[in-house]
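Visitor: Given the structure of chain A, go ahead and fit chain B onto it with the hints provided.
Those protein sequence lines, which keep their order, are chains A and B. Going by this note's numbering, 25 is the number at position 25 of the first sequence; the sequence numbering is gapless. Going by this note's numbering, 71 is the number at position 71 of the second sequence; the sequence numbering is gapless.
The set of hints was computed from the structure by calculation and includes no laboratory data. Even for Gly, the Cβ is constructed at its ideal location relative to N, Cα and C. Treat the hints with care, since some could be wrong.
[Said to hold, decoys possible] Across the chosen pairs, the derived CB separations fall in these ranges:
1) 63(B) - 60(A): 24 to 30 angstroms
2) 23(B) - 114(A): 34 to 40 angstroms
3) 111(A) - 45(B): 22 to 28 angstroms
4) 21(A) - 109(B): 28 to 34 angstroms
5) 69(A) - 26(B): 35 to 41 angstroms
6) 111(B) - 56(A): 26 to 32 angstroms
7) 92(A) - 127(B): 41 to 47 angstroms
8) 101(B) - 114(A): 36 to 42 angstroms
9) 111(A) - 101(B): 38 to 44 angstroms
10) 8(B) - 111(A): 48 to 54 angstroms
11) 3(B) - 114(A): 51 to 57 angstroms
12) 51(A) - 47(B): 20 to 26 angstroms
13) 102(A) - 23(B): 26 to 32 angstroms
14) 33(B) - 10(A): 31 to 37 angstroms
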Amino acid sequence: MAQTTRPLSPHLQIYKWQSQMVTSILHRATGIALAVGSLVILWGLVALSMGPDAWASFHAVAASPLGLVLLFAWTWALWFHFINGIRHLYQDAGAGYAISTFIKASWFSIIGSMLLTLATWAYVFMGGAA
Amino acid sequence: MIRDLRNPLQRARGLGSAKDGVGHWWTQRLTAIALVVLVLWFVVLVLGLLGHDYQAVRASIARPWNALLMIAFIIAAFWHSVLGLQVVIEDYVHTRWLEVTSMIVIKLLAVAGVLAGVLAVLRIALGS
Chain A
1 MAQTTRPLSP HLQIYKWQSQ MVTSILHRAT GIALAVGSLV ILWGLVALSM
51 GPDAWASFHA VAASPLGLVL LFAWTWALWF HFINGIRHLY QDAGAGYAIS
101 TFIKASWFSI IGSMLLTLAT WAYVFMGGAA
Chain B
1 MIRDLRNPLQ RARGLGSAKD GVGHWWTQRL TAIALVVLVL WFVVLVLGLL
51 GHDYQAVRAS IARPWNALLM IAFIIAAFWH SVLGLQVVIE DYVHTRWLEV
101 TSMIVIKLLA VAGVLAGVLA VLRIALGS
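Pulled out of the complex, with its shape left as it was, chain A reads as follows (with noise of 0.2 angstroms):
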């Protein structure tokens, strides 16, 4: 294939945020971090099936402060990529293309996978022990 010096579409750097443009590079950002953390899921489910001390090392890492921190992210990047990823279906289905209604829901995927976070640690801390 030919290298041509054809132009390219203008990148982000041109571009005026807004809540929609946001949602969409986010929506791919924590796809991608969530492809890298199913590995660790992947980790944790091999270590249960290898053993008690295989178990207690990915326990060790997943509780320690980086760990923490590690999945506190990771929460949020599921809960975007879950409430974003619904309303990409309900889109799908050529629903809620009106600006004023997609600029609210942008901002409900954000807002949304926030409170979302904050509930699910909520429970680690309070309810569930750690």
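Guide: Just chain B now, with coordinates in the frame of chain A:
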């Protein structure tokens, strides 16, 4: 008479100019719908297991419904991940050999991940 210069066979196949039709798009949505349910189940399961020791966690995953849903979750999650990562690679990796190599790597990694995950759940569920 003929309004479309495309070969009728190509139209009947419905694969379009990208040569693979809407299969990728559609599978991404199907796995997304499955994951809406499976993610909720997974989060509730993990939150319920906090503070439990090894034996309790293992016994919980060994229950038939949990084992079955965990296998479904692993397959759906890795499948959905690969479909998503594939689009990201197609969009941003413009060096052909690097694009093809990353595509091969993520697909093989996902297959290995699913196999390892399913085997782990089976070992837990069947107690070996």
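Visitor: The structure should be examined with respect to each hint, and the outcome stated for every one.
Guide: Now the hints, each set against the structure:
For residue 63(B) paired with residue 60(A), a C-beta distance near 26 angstroms keeps the hint of 24 to 30 angstroms intact. For residue 23(B) paired with residue 114(A), a C-beta distance near 35 angstroms keeps the hint of 34 to 40 angstroms intact. Restraint check, residue 111(A) to residue 45(B): a C-beta distance of roughly 26 angstroms satisfies the suggested window 22 to 28 angstroms. Separated by about 30 angstroms at the C-beta atoms, residue 21(A) and residue 109(B) satisfy the suggested range of 28 to 34 angstroms.
A hinted range of 35 to 41 angstroms for the beta carbons of residue 69(A) and residue 26(B) is consistent with their spacing of about 37 angstroms. Our hint of 26 to 32 angstroms for residue 111(B) and residue 56(A) holds, since their Cβ atoms are close to 29 angstroms apart. Judged by the Cβ atoms, the range 41 to 47 angstroms given for residue 92(A) and residue 127(B) holds: they are separated by roughly 43 angstroms. The given range of 36 to 42 angstroms is respected by residue 101(B) and residue 114(A), whose C-beta atoms sit roughly 37 angstroms from each other.
Look at residue 111(A) against residue 101(B): about 40 angstroms separates their beta carbons, and that is inside 38 to 44 angstroms. Our hint of 48 to 54 angstroms for residue 8(B) and residue 111(A) holds, since their Cβ atoms are close to 51 angstroms apart. Restraint check, residue 3(B) to residue 114(A): a C-beta distance of roughly 53 angstroms satisfies the suggested window 51 to 57 angstroms. At roughly 24 angstroms, the beta-carbon separation of residue 51(A) and residue 47(B) lies within the given 20 to 26 angstroms, and the hint holds.
Separation of residue 102(A) from residue 23(B) is about 28 angstroms and conforms to the stated range, judged on CB atoms against 26 to 32 angstroms. For residue 33(B) and residue 10(A), the Cβ-Cβ distance of about 34 angstroms falls inside the hinted range of 31 to 37 angstroms, so the restraint holds.
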